[in-house]
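Residues per chain are reported as follows:
4 protein chains.
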Amino acid sequence: MTWKEKVHEVIYEADTKAGKAFDVALLIIILISLVLVILDSVDYISAEYHSLFLVFEWIITIFFTVEYILRVISIKKPKKYIFSFYGIVDFLSTIPLYISLIFASSGALLSLRALRLLRVFRVLKLVRFTGAGSRVSVALKKSLPKIFIFLYSVIIVSFIAGTIMYLVEGPEHGFTSIPRGIYWTIVTLTTVGFGDIHPVTPLGQFIATIIMLLGYGVIAVPTGIVTAEMTKENITRNTQVCYNCGEKEHSDKAEFCHNCGYNLNKPKNKEESKTVENED
Amino acid sequence: MTWKEKVHEVIYEADTKAGKAFDVALLIIILISLVLVILDSVDYISAEYHSLFLVFEWIITIFFTVEYILRVISIKKPKKYIFSFYGIVDFLSTIPLYISLIFASSGALLSLRALRLLRVFRVLKLVRFTGAGSRVSVALKKSLPKIFIFLYSVIIVSFIAGTIMYLVEGPEHGFTSIPRGIYWTIVTLTTVGFGDIHPVTPLGQFIATIIMLLGYGVIAVPTGIVTAEMTKENITRNTQVCYNCGEKEHSDKAEFCHNCGYNLNKPKNKEESKTVENED
Amino acid sequence: MTWKEKVHEVIYEADTKAGKAFDVALLIIILISLVLVILDSVDYISAEYHSLFLVFEWIITIFFTVEYILRVISIKKPKKYIFSFYGIVDFLSTIPLYISLIFASSGALLSLRALRLLRVFRVLKLVRFTGAGSRVSVALKKSLPKIFIFLYSVIIVSFIAGTIMYLVEGPEHGFTSIPRGIYWTIVTLTTVGFGDIHPVTPLGQFIATIIMLLGYGVIAVPTGIVTAEMTKENITRNTQVCYNCGEKEHSDKAEFCHNCGYNLNKPKNKEESKTVENED
Amino acid sequence: MTWKEKVHEVIYEADTKAGKAFDVALLIIILISLVLVILDSVDYISAEYHSLFLVFEWIITIFFTVEYILRVISIKKPKKYIFSFYGIVDFLSTIPLYISLIFASSGALLSLRALRLLRVFRVLKLVRFTGAGSRVSVALKKSLPKIFIFLYSVIIVSFIAGTIMYLVEGPEHGFTSIPRGIYWTIVTLTTVGFGDIHPVTPLGQFIATIIMLLGYGVIAVPTGIVTAEMTKENITRNTQVCYNCGEKEHSDKAEFCHNCGYNLNKPKNKEESKTVENED
Chain A
1 MTWKEKVHEV IYEADTKAGK AFDVALLIII LISLVLVILD SVDYISAEYH
51 SLFLVFEWII TIFFTVEYIL RVISIKKPKK YIFSFYGIVD FLSTIPLYIS
101 LIFASSGALL SLRALRLLRV FRVLKLVRFT GAGSRVSVAL KKSLPKIFIF
151 LYSVIIVSFI AGTIMYLVEG PEHGFTSIPR GIYWTIVTLT TVGFGDIHPV
201 TPLGQFIATI IMLLGYGVIA VPTGIVTAEM TKENITRNTQ VCYNCGEKEH
251 SDKAEFCHNC GYNLNKPKNK EESKTVENED
Chain B
1 MTWKEKVHEV IYEADTKAGK AFDVALLIII LISLVLVILD SVDYISAEYH
51 SLFLVFEWII TIFFTVEYIL RVISIKKPKK YIFSFYGIVD FLSTIPLYIS
101 LIFASSGALL SLRALRLLRV FRVLKLVRFT GAGSRVSVAL KKSLPKIFIF
151 LYSVIIVSFI AGTIMYLVEG PEHGFTSIPR GIYWTIVTLT TVGFGDIHPV
201 TPLGQFIATI IMLLGYGVIA VPTGIVTAEM TKENITRNTQ VCYNCGEKEH
251 SDKAEFCHNC GYNLNKPKNK EESKTVENED
Chain C
1 MTWKEKVHEV IYEADTKAGK AFDVALLIII LISLVLVILD SVDYISAEYH
51 SLFLVFEWII TIFFTVEYIL RVISIKKPKK YIFSFYGIVD FLSTIPLYIS
101 LIFASSGALL SLRALRLLRV FRVLKLVRFT GAGSRVSVAL KKSLPKIFIF
151 LYSVIIVSFI AGTIMYLVEG PEHGFTSIPR GIYWTIVTLT TVGFGDIHPV
201 TPLGQFIATI IMLLGYGVIA VPTGIVTAEM TKENITRNTQ VCYNCGEKEH
251 SDKAEFCHNC GYNLNKPKNK EESKTVENED
Chain D
1 MTWKEKVHEV IYEADTKAGK AFDVALLIII LISLVLVILD SVDYISAEYH
51 SLFLVFEWII TIFFTVEYIL RVISIKKPKK YIFSFYGIVD FLSTIPLYIS
101 LIFASSGALL SLRALRLLRV FRVLKLVRFT GAGSRVSVAL KKSLPKIFIF
151 LYSVIIVSFI AGTIMYLVEG PEHGFTSIPR GIYWTIVTLT TVGFGDIHPV
201 TPLGQFIATI IMLLGYGVIA VPTGIVTAEM TKENITRNTQ VCYNCGEKEH
251 SDKAEFCHNC GYNLNKPKNK EESKTVENED
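In order, the protein sequence lines correspond to chains A, B, C and D. First residue of the first sequence: 1, per the UniProt record's numbering; consecutive thereafter. First residue of the second sequence: 1, per the UniProt record's numbering; consecutive thereafter. First residue of the third sequence: 1, per the UniProt record's numbering; consecutive thereafter. First residue of the fourth sequence: 1, per the UniProt record's numbering; consecutive thereafter.
These are computed hints drawn from the structure, not numbers from a lab. One thing to keep in mind: the hints can contain errors.
Using 27 Å as the maximum straight-line C-alpha spacing, the simulated DSS-like pairs for lysine-lysine come out as follows [as the list claims (entries may be wrong)]: (1) A:Lys232 <-> D:Lys141; (2) C:Lys125 <-> C:Lys77; (3) A:Lys232 <-> C:Lys142; (4) A:Lys232 <-> D:Lys142; (5) C:Lys79 <-> C:Lys142; (6) C:Lys141 <-> D:Lys141; (7) D:Lys6 <-> D:Lys76; (8) A:Lys142 <-> D:Lys6; (9) B:Lys17 <-> B:Lys4; (10) D:Lys141 <-> C:Lys232; (11) C:Lys232 <-> B:Lys141; (12) B:Lys17 <-> B:Lys76; (13) A:Lys141 <-> B:Lys142; (14) A:Lys141 <-> D:Lys76; (15) B:Lys17 <-> A:Lys142; (16) C:Lys232 <-> D:Lys142; (17) A:Lys142 <-> B:Lys142; (18) A:Lys232 <-> B:Lys4; (19) C:Lys142 <-> D:Lys141; (20) C:Lys232 <-> A:Lys232.
What the simulated footprint calls covered on chain C by chain D, stretch by stretch (three residues with Cβ under 8 Å from a Cβ of chain D suffice, anywhere in the stretch; the number is not a length) [to be verified]: (21) 173-180; (22) 190-199; (23) 202-211.
Negatives, chain D to chain C, calculated, CB over 10 Å [unchecked claim]: (24) Ala21; (25) Leu34; (26) His50; (27) Ile60; (28) Thr61; (29) Ile62; (30) Lys80; (31) Val123; (32) Phe206.
Source: prediction; values computed, not measured. By construction, the Cβ of each residue, glycine as well, lies at the ideal position given by its N, Cα and C atoms.
Please model the entire structure based on the sequences and the hints provided.
Shown next, in the form of structure tokens:
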């Protein structure tokens with residue numbers, strides 16, 4: 001086992017003791033980094049501790065730099081990692097401070113602020129610690145096409161409703177343009193309801209009432225889609241088919257067919273299959 | 001193949017290369033048209049580019065005019081198209097600019113603004129590009145009668161609650177009339193909660209609390225209706241069609257048609273069809 | 001057939017032509033009455049048309065008086081009607097104007113306003129026209145005990161959260177007492193969010209964030225309860241059991257068993273039942 | 001039966017007449033206590049009746065003290081009770097007034113207010129009266145891991161969206177720091193929408209629109225999870241217990257145990273149990 005393989009084991013796998021320790025350390029550093037970014041954005045905290053934060057930030061950046069380099073070196077196909085989701089997240093988590101050095105000299109303060117905030121995307125590094133492929137995300141993925149058709153209808157409705165509200169209420173009540181009308185319609189349809197813009201005229205309030213009732217009935221749709229998909233997941237989760245009678249819908253823990261009592265784990269031998277033939 | 005047939009193929013069908021190109025062109029022009037309507041409603045953009053927008057608008061209007069005429073000419077039953085949903089949408093998408101010419105001369109400025117905004121209904125032209133008859137809309141259609149009964153109860157509740165709030169809070173806290181009380185109740189029941197009107201007295205806040213908890217329990221109902229309908233869709237998705245009577249909605253495990261009793265696995269031959277007659 | 005029986009037929013039944021005409025007339029008068037109550041509450045409309053409204057109101061009141069008397073006279077057990085839900089609604093819909101005559105002389109203006117508004121409860125008369133016992137209400141009724149347990153937990157949570165917010169934010173940020181804190185918590189948990197009171201301190205906003213995420217997860221519960229109940233309704237809706245094989249889960253329109261093809265409407269005769277015995 | 005056993009019966013059990021009477025008395029005293037805490041927090045009520053409230057509070061405190069001592073004395077394993085959920089709630093419900101005596105002398109007014117409010121946790125004593133182990137809480141518990149993954153994703157999204165909004169809108173429109181941006185994002189994602197902070201710039205409103213539509217689709221997820229779990233509860237409610245292996249969760253149509261293959265309709269006799277051994 002070369003040192004590269006050893007590094008690979010520590011960084012990429014969580015089976016060994018060293019691998020687990022590395023994961024825990026990484027997790028803690030990511031969380032500290034996030035807390036730093038967030039605290040640094042609060043004026044009165046930043047004013048007092050900014051230089052302290054900068055020191056910590058440099059330590060974290062160097063850690064991430066070393067981690068990134070080791071990840072690239074220790075893997076067999078570096079290109080595949082570099083252009084993968086995690087590769088890009090790792091890269092973007094590392095560079096902000098370096099680039100800020102360059103920009104600082106050129107005095108572009110605003111983009112500097114943006115750059116420093118880029119570090120918040122380090123939160124995506126946390127995704128690595130989640131069990132991927134959970135059933136929730138499977139059901140969500142299956143619902144996506146239906147949810148897109150649904151969002152498409154919502155957008156069409158909000159275009160029309162936003163225009164009508166712009167016409168009825170007009171700029172004097174906050175509906176200064178169609179985009180604002182559309183913004184208001186979506187705020188209302190999604191039942192968020194900030195109240196920064198709201199209808200004032202009786203006619204506008206009447207139309208708003210109809211939009212809200214529509215939204216009320218319509219909020220059921222994405223819920224219905226995801227729920228139906230999840231219920232289906234539950235029902236069709238067990239894919240075992242009985243070798244004897246062909247019954248399909250066994251419950252999760254089924255060992256024997258609930259229809260004929262045949263052992264589900266035992267493949268049928270050819271003699272038997274001739275006598276009890278599944279017709280479909 | 002006459003030129004009418006060729007035009008029909010290009011406009012109405014998407015199978016040929018020309019048909020697909022026409023669809024893409026139409027899609028792009030609709031989207032440009034929508035962007036124009038929306039940008040034109042933003043004051044500071046309109047002030048600068050209004051004349052440019054008008055030129056584009058005329059080009060689009062002429063395109064839609066030609067498209068409408070060709071659609072009417074190339075179809076066998078023009079009347080059916082003209083009075084269909086798409087026919088009306090296509091007509092309304094074309095005329096605003098023409099009418100605005102007439103109205104402009106008579107100086108009716110307000111109605112002119114309304115007319116120009118009519119163009120936003122062109123968004124409905126996009127519906128043509130959606131796969132119709134999706135399962136979502138089927139489930140929605142089936143849920144409609146139940147959702148109407150539900151909305152009917154919501155309206156009855158909001159009439160009573162709106163009147164009580166008008167009585168309890170009174171005009172000095174924004175509840176200036178029963179319609180406003182009803183408006184507030186629906187804003188609250190649907191969990192939108194703009195906050196433009198809100199209870200101030202302790203009694204009013206107590207009643208509001210009850211209305212909100214009611215709304216909280218009640219928002220479950222449309223969701224429940226649609227979800228139950230969609231889950232049913234999933235369950236009865238069995239695509240077997242009876243060879244004898246054509247019945248489609250068999251349950252998953254069906255071996256025989258539940259409508260006429262015909263064996264679903266057996267393709268129909270002509271002799272049998274005489275003996276097993278569909279009774280319904 | 002006495003005149004009482006004739007009146008009974010017209011008022012209580014909707015089978016005959018006269019009965020249907022009566023129902024339609026009643027429906028229209030209720031709706032007109034509601035519109036009058038609502039318009040009368042709008043100041044600038046009331047100022048102009050109040051006397052006109054009063055004339056209409058007297059006509060409607062006399063109609064309802066006659067209707068109420070006829071209902072009492074024509075029924076066999078008047079007491080049962082008088083103390084039934086509809087009897088009380090009918091009575092309360094009739095008296096406001098009569099009582100307002102008495103009170104007007106004693107000058108109790110405020111209670112007069114309340115009394116006149118009582119007429120809005122006529123909206124409940126509309127319930128008569130809804131098909132009672134719809135499946136939605138069945139599912140709702142079955143969900144009620146579970147929803148009560150749920151609301152009970154919500155109230156316990158909102159007591160504690162309301163007190164904490166009162167402590168953290170204090171009267172200077174609008175949380176002037178525990179009841180207001182509870183009111184705010186319910187406004188937030190139900191995702192209504194008026195914004196009339198909202199946390200200002202960082203700690204208060206942090207607690208609010210947790211309450212909101214809690215509410216977000218928790219809003220799923222009543223929906224889940226009602227949906228599960230409705231899905232169950234759907235599944236167990238068809239109670240037909242096949243006389244031949246005992247299969248239970250037939251779809252709605254099933255005429256024949258989908259398992260064995262037996263006619264579901266044909267009771268099994270005893271000879272057959274001996275040969276093909278249902279084992280359960 | 002010693003007096004300790006008698007006390008145990010009255011306090012811990014609800015079977016006897018005395019036990020039921022004790023439960024009712026306890027329930028009423030808890031509710032009175034809660035009303036006192038809440039009314040005492042309302043300034044103008046507290047100003048007038050504070051001394052009266054204090055007398056009542058002392059009576060309730062003494063009652064709870066006696067109850068707590070009796071509970072500790074009459075149970076066999078006092079330690080187990082003292083450190084149980086109910087033991088801690090009972091203790092915390094009793095002490096506030098005693099501690100306030102000590103603190104009052106030292107003049108720590110603010111912590112005194114906090115202490116007095118601790119009494120609101122007496123609401124948790126009500127949990128004792130709820131039927132534990134309801135199916136709702138079972139379904140909720142099963143959904144918890146999935147809901148945590150979901151909340152985890154919501155938090156990741158709100159970190160990123162909050163930072164973007166902080167960058168786009170900036171301190172001049174209320175987004176004074178990243179924590180406030182995150183607070184705003186969660187207020188929006190959960191569809192609460194207070195409106196205390198809201199986007200003002202067109203770009204901010206556009207991003208807000210996307211966040212809202214995201215929240216709209218995403219609110220479906222916890223609902224879907226809980227509903228799917230509850231529907232599953234309904235489906236697997238089949239109460240047949242296998243005579244052979246004791247397995248409980250059979251599907252509706254199960255004829256044979258899916259765990260051991262034993263015929264569910266056949267009661268077990270001892271000879272057979274030797275031949276059909278549970279393999280798992």
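Now the hints, each set against the structure:
1. A:Lys232 <-> D:Lys141: Holds, at about 20 Å.
2. C:Lys125 <-> C:Lys77: holds, 20 Å
3. A:Lys232 <-> C:Lys142: holds, 24 Å
4. A:Lys232 <-> D:Lys142: Distance ~17 Å between Lys232 of chain A and Lys142 of chain D Cα, so the pair holds.
5. C:Lys79 <-> C:Lys142: This hinted pair is violated, its Cα atoms lying about 31 Å apart.
6. C:Lys141 <-> D:Lys141: Distance of about 24 Å is within 27 Å: holds.
7. D:Lys6 <-> D:Lys76: Given that 27 Å is the threshold and the Cα spacing comes to 13 Å, the pair holds.
8. A:Lys142 <-> D:Lys6: Cα-Cα ~61 Å, so violated.
9. B:Lys17 <-> B:Lys4: holds, 17 Å
10. D:Lys141 <-> C:Lys232: Measuring from Cα to Cα gives roughly 21 Å; hence the hint holds.
11. C:Lys232 <-> B:Lys141: holds, 20 Å
12. B:Lys17 <-> B:Lys76: Satisfied, since the Cα-Cα distance of roughly 23 Å is no more than 27 Å.
13. A:Lys141 <-> B:Lys142: holds, 25 Å
14. A:Lys141 <-> D:Lys76: violated, 55 Å
15. B:Lys17 <-> A:Lys142: With a Cα-Cα distance of about 31 Å, the restraint between Lys17 of chain B and Lys142 of chain A is violated, given a limit of 27 Å.
16. C:Lys232 <-> D:Lys142: holds, 20 Å
17. A:Lys142 <-> B:Lys142: holds, 22 Å
18. A:Lys232 <-> B:Lys4: This hinted pair is violated, its Cα atoms lying about 49 Å apart.
19. C:Lys142 <-> D:Lys141: holds, 22 Å
20. C:Lys232 <-> A:Lys232: The hint holds at about 15 Å.
21. 173-180: With 4 residues in contact (Cβ-Cβ under 8 Å with chain D), the coverage given for the segment 173-180 of chain C holds.
22. 190-199: Coverage by chain D holds for the segment 190-199 of chain C (6 residues, Cβ < 8 Å).
23. 202-211: holds (count 5)
24. Ala21: Holds, since 23 Å exceeds 10 Å.
25. Leu34: Non-interface label fails for Leu34 of chain D: nearest chain C Cβ at 7 Å, not farther than 10 Å.
26. His50: The claim stands: His50 of chain D keeps its Cβ more than 10 Å from every Cβ of chain C (closest is about 14 Å).
27. Ile60: holds, 17 Å
28. Thr61: The assertion about Thr61 of chain D holds, with a minimum of 18 Å to chain C.
29. Ile62: Ile62 of chain D is indeed farther than 10 Å from all Cβ atoms of chain C, at 23 Å.
30. Lys80: holds, 24 Å
31. Val123: Nearest chain C Cβ is 5 Å from Val123 of chain D, so the label is violated.
32. Phe206: Fine: 22 Å to the nearest Cβ keeps Phe206 of chain D off the interface.
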